[in-house]
Amino acid sequence: QVATPLHRMVLDALELVEKGYTAEEIRELLERASDQMMIYIGVQTLEYLKKGGRITPAAAALGAVFNIKPVLKLATGKLDSFKKCHGFLKARKIMIEAMKREIETRFQEAYEAGAVHILAASSASEAETESWVKEIEAAFPGKQVMCDPLSLGVSCHIGPGGLGIGCAVKQITERSAGKRDEYACRAENRCKKQRGPHGLRDPFGTDPGRLDPFDRPAAEPVFLAHRTDLHHRCPGGGAADLCFQGKFRL
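In short: position in the sequence shown from 1, add 80, done, that's my numbering.
Please note that the accuracy of each hint is not assured.
[Unchecked claim] Lysine-lysine pairs mimicking DSSO-like chemistry, simulated, CA-CA at most 30 Å apart:
id, residue 1, residue 2
1, Lys214, Lys153
2, Lys99, Lys130
3, Lys250, Lys163
4, Lys173, Lys250
5, Lys214, Lys164
6, Lys250, Lys223
Source of the hints: derived by calculation from the structure; they are not laboratory data. Source: prediction; values computed, not measured.
Based on the provided sequences and hints, a complete structural model is requested.
Have a look at this one:
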C-alpha cells in the first residue's frame, strides 16, 4: 500500500470509530474503500527500473536519449505501466488528466457528494513536492490535497524524483439513531468491565480476564509487549484513551 492512501484509511478508520462503528464494520468499509483507491506515479529516472529488472538496459538507454518518462498506475496492489511521456512536465500533465478522467468516469457521484479525497505522494525534493501539490490543487479547486512520501516499497523501484497523484473514495454510511444508542450502551458496558489499575479506561485489555475490546475469539493468539510507566491520554478522550501500566495488545 502506498503511504498516502494508507494514511487516508487510518484517518477514515478513526472517524468511523468516533461515529460508533464496530471493528468488524470498520474492516468491511475499509476493504470496500481499498478497491476504490488508485495512484498514478511519474518516474524521473529509469536507472532504478533497470536495476530492478523491470526494463532492459537497452530500453533504459533509449529512454534516456529520448527523455522518456514513464507513468505507472497502482490500483488494488498491482503496479502497471500506464503511459510513456516525452519529458517529466508532460508526465505531470498526463497524471492529472488521468485522475480527472477516473473521477469523471468512475467517481463523479462521489466527487460531487464530497466523498473523494485527492492524494499526492512524492520521492522528490521538498521544493518539487510543494510545486506538485500546488499544481494538483489548481487542477482540483477547493480540494484539500494530502501529501506523503512514497513508501519505500515503491521508491526503491522508481528512485528519487517520483511524483504521484491518487484518489480515495470515502464510504458514505450513516448509522440510525437506534444503532448509535445501541453501540453507546455496549461501549459503556465495555468500559465498566475494562478499568485500568488507576480506575481509568484500559482499551487494550491489560488484564486477560477482561472483555477484549476488539471482540477477538478467545482462541485467537494475541501478541503482548511489555511497557512500564506508560501514561498518555488523547485530547478529548474517546476510544483512543491510553492510560495504563504493564502489558498492552499490539
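Each hint tested on the structure:
1. As the CA atoms of Lys214 and Lys153 are separated by approximately 21 Å, the hinted pair is consistent with the 30 Å bound.
2. This hinted pair does not check out: Lys99 and Lys130 have alpha carbons roughly 47 Å apart, beyond 30 Å.
3. A distance of roughly 28 Å separates the Cα atoms of Lys250 and Lys163; the hinted pair therefore holds under the 30 Å criterion.
4. Only pairs whose Cα atoms come within 30 Å are accepted, and Lys173 paired with Lys250 is accepted, the gap being roughly 25 Å.
5. A C-alpha spacing of about 23 Å is found between Lys214 and Lys164, which places the hinted pair at or below 30 Å, so the restraint holds.
6. With a C-alpha separation of about 14 Å, the suggested pairing of Lys250 with Lys223 holds against the 30 Å cut-off.
In this structure, the one hint that does not hold is number 2.
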